[in-house]
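Participant: Take any residue in the sequence shown, count from 1 to its spot, add 256: that is its number in our numbering.
The hints are all genuine.
Pair by pair, the computed Cβ-Cβ distance ranges are:
1) Lys318 <-> Ala431: 23 to 29 Å
2) Glu371 <-> Glu308: 36 to 42 Å
3) Asn523 <-> Ser417: 53 to 59 Å
4) Pro478 <-> Gly337: 35 to 41 Å
5) Tyr439 <-> Ala272: 27 to 33 Å
6) Ile370 <-> Lys318: 34 to 40 Å
7) Ala447 <-> Glu371: 20 to 26 Å
8) Ser475 <-> Thr537: 39 to 45 Å
9) Ala378 <-> Lys311: 30 to 36 Å
Straight-line C-alpha distance at most 25 Å; calculated DMTMM-like pairs for lysine to aspartate or glutamate:
10) Lys311 <-> Asp328
11) Lys375 <-> Glu412
12) Lys275 <-> Glu308
13) Lys472 <-> Asp449
14) Lys354 <-> Asp331
15) Lys288 <-> Glu308
16) Lys446 <-> Glu416
17) Lys288 <-> Asp298
18) Lys354 <-> Asp260
19) Lys464 <-> Asp268
20) Lys375 <-> Glu416
21) Lys318 <-> Asp328
22) Lys355 <-> Glu371
23) Lys319 <-> Glu285
24) Lys312 <-> Asp462
25) Lys299 <-> Glu372
26) Lys472 <-> Asp461
27) Lys275 <-> Asp462
28) Lys319 <-> Asp462
Quick caveat, the hints were computed from the structure, so don't treat them as lab data. Note that CB positions come from ideal geometry on N, CA and C, so glycine has one too.
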Amino acid sequence: MTLDLSVYLVTDSTPAILKGRDLCAVVEEAVKGGVTIVQYRDKKSDTGVQVETAKKLHQITKKYNVPLLINDRVDVALAAGVEGVHLGQDDMAIEVAKKLLPENAIIGITASSIEEAQKAVAAGADYLGVGTMFATPTKTNTKSIIGTAGTQAILEAISESGRSVGTVCIGGINASNVQRVLYQSRAPHKALDGVAIVSAIMAADDPKAAAAEFVKLVSSPPSFVRSEVPTPARDTSALLEQVPRVVQEVVKGHPLVHNMINYVVANFVANIALSMYFFPTAPMQPMTFANDL
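Using the sequences plus the hints, can you model the full thing?
Facilitator: Written as structure tokens, this is what we have:
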């Protein structure tokens, strides 16, 4: 299965979230809506219940070709035959997990600092769960709340590792902040590969619609960001390649250009504008602008 982290669902089996609904039914609706990977997280049930639930969930996720990971419990992952695990900093060491799990198993690691992230990358993690992004009812430890600035610092640090490692952020992500989180977390050389969602999908009245909304938001540029020329801003040669196209668009549109200049260079600027098929205007007084038009 392809590791697509874009819309990463973390389950929550608590009554306040499920509201009497069946966990497997909620997960299936979310997967139908476009969730790309599922992590089964259950801190309270005994091992037998977790294995049984994991097997039921796996029947669902396999049907849609979506990987299923188990939070913390390597033994449950092995018993259920799922695609991998997600390990916290206090869980089994990744080196040990690699020895126990199949060679192609997916292993994700939680990282809340640059040091934790670099260590996980060096140990061979397939992806990092970066966070906590924002405080939530289940994540109140302020030491692990790193926000977009902390996430950006981690992304920049691991971009220098020489290994391609997937990254998702987790903690308080919802439809109203997901695009801003993705945008503000971007480092110069690396961006998040996705977002991990818990209650915004699991507690939604319509998990399928909620998941579909996240798919749309994650895959679309945010409205508050201006469209950019798809070339590296600091790559001079790449920018120069865009010049002919830009000039052609200018010739088609014949834009009006208001030159903010002084008397000394007025003629020079006007001639440059005319040579590029602009309509130049450089009024020095507000009342003369209408005459130029």
